[in-house]
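Enquirer: Sequence:
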Amino acid sequence: MAELEGNNDKLLIKELITGNEKAFLSLFNAYHKEVYAYSLSILKSKTWAEEIVQDVFLQIWMKRDTLDVSRSLRPFIMTVTKNKTLDFLRKAANDRKLREAFFYSRQKVDNPTFRMMREADLEVIKTEALSLLPPRRKLIFEMSRNDGKSYEEIGQELGIAPNTVKSQMHKALKTLREFVLTNGDFALIILYLASDWY
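Residues in the sequence shown are numbered from 835 upward in steps of one, following the numbering used here.
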């Protein structure tokens, strides 16, 4: 991958923009393993990781005329990969058939014991994630999610503006989301995306 960095990135992007298929093949050969490895680490499915690889490089080819010559390729490709993978997870969380295909890949769909075990696992990860929050942010999060209080109610109780509550909630959710996506397997991530934490 080092040979594709710096000036070589610029040359390769210029060639891609003109529709040079050899340049595209060079790009694919240089990055497809990394794209696959990242997707597999999140999805835990070879089939869907391979599909993410196809989606990423198809998008790059289809939108090659919008590529920015001044940008480095690797960060760009990995950002596209991350976005495609998270888009897939969001879709899976809202699509019953897709959710069942992956969430229960090793278990029967109607196995309540397995689901309870996964929910217990998710609670452990949630507890770990919550411990990362500063005390005030954690309190605001718990008042919102556990007590069902509005931002206005929380603001009144804590003597802060509702916009401050909203900002703290946004930061809390970002921290929690990143922790679960980094530390959970596919089934836990799907559970998280379908929960009221997301």
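What the hints contain is simulated information worked out from the structure, not anything from laboratory work.
Take these hints with a grain of salt, some might be off.
The following label-pair restraints were derived from C-beta to C-beta distances [said to hold, decoys possible]:
#1 Ser1001 - Arg905: 50 to 56 Å
#2 Leu992 - Ser875: 55 to 61 Å
#3 Glu976 - Ser906: 38 to 44 Å
#4 Thr881 - Glu1012: 32 to 38 Å
#5 Lys1008 - Ser906: 20 to 26 Å
#6 Pro969 - Arg924: 29 to 35 Å
#7 Met912 - Thr881: 44 to 50 Å
#8 Glu976 - Trp895: 27 to 33 Å
#9 Leu992 - Glu884: 45 to 51 Å
#10 Glu962 - Gln893: 41 to 47 Å
#11 Thr1016 - Gly982: 45 to 51 Å
#12 Ala871 - Glu976: 45 to 51 Å
#13 Pro968 - Asn842: 32 to 38 Å
Computed from a predicted structure; not experimentally measured.
For every residue, glycine included, the Cβ atom is placed at its ideal position computed from N, Cα and C.
Enquirer: Now tell me if each hint is right for this structure.
Expert: Hint check:
1. Ser1001 - Arg905: 50 to 56 Å: violated, 30 Å
2. Leu992 - Ser875: 55 to 61 Å: violated, 39 Å
3. Glu976 - Ser906: 38 to 44 Å: This hint holds: roughly 41 Å between Cβ atoms.
4. Thr881 - Glu1012: 32 to 38 Å: violated, 26 Å
5. Lys1008 - Ser906: 20 to 26 Å: Given about 25 Å between the Cβ atoms, the range holds.
6. Pro969 - Arg924: 29 to 35 Å: Between Pro969 and Arg924, where Cβ atoms are some 31 Å apart, the hint holds.
7. Met912 - Thr881: 44 to 50 Å: Violated, at about 21 Å.
8. Glu976 - Trp895: 27 to 33 Å: Once the Cβ atoms are compared, 47 Å apart, the range 27 to 33 Å for Trp895 and Glu976 is violated.
9. Leu992 - Glu884: 45 to 51 Å: holds, 49 Å
10. Glu962 - Gln893: 41 to 47 Å: violated, 34 Å
11. Thr1016 - Gly982: 45 to 51 Å: Since the Cβ atoms of Thr1016 and Gly982 sit about 28 Å apart, the hinted range of 45 to 51 Å is violated.
12. Ala871 - Glu976: 45 to 51 Å: Taking Cβ atoms as reference, Ala871 and Glu976 lie about 36 Å apart, which means the hint is violated.
13. Pro968 - Asn842: 32 to 38 Å: With Cβ atoms ~44 Å apart, the hint is violated.
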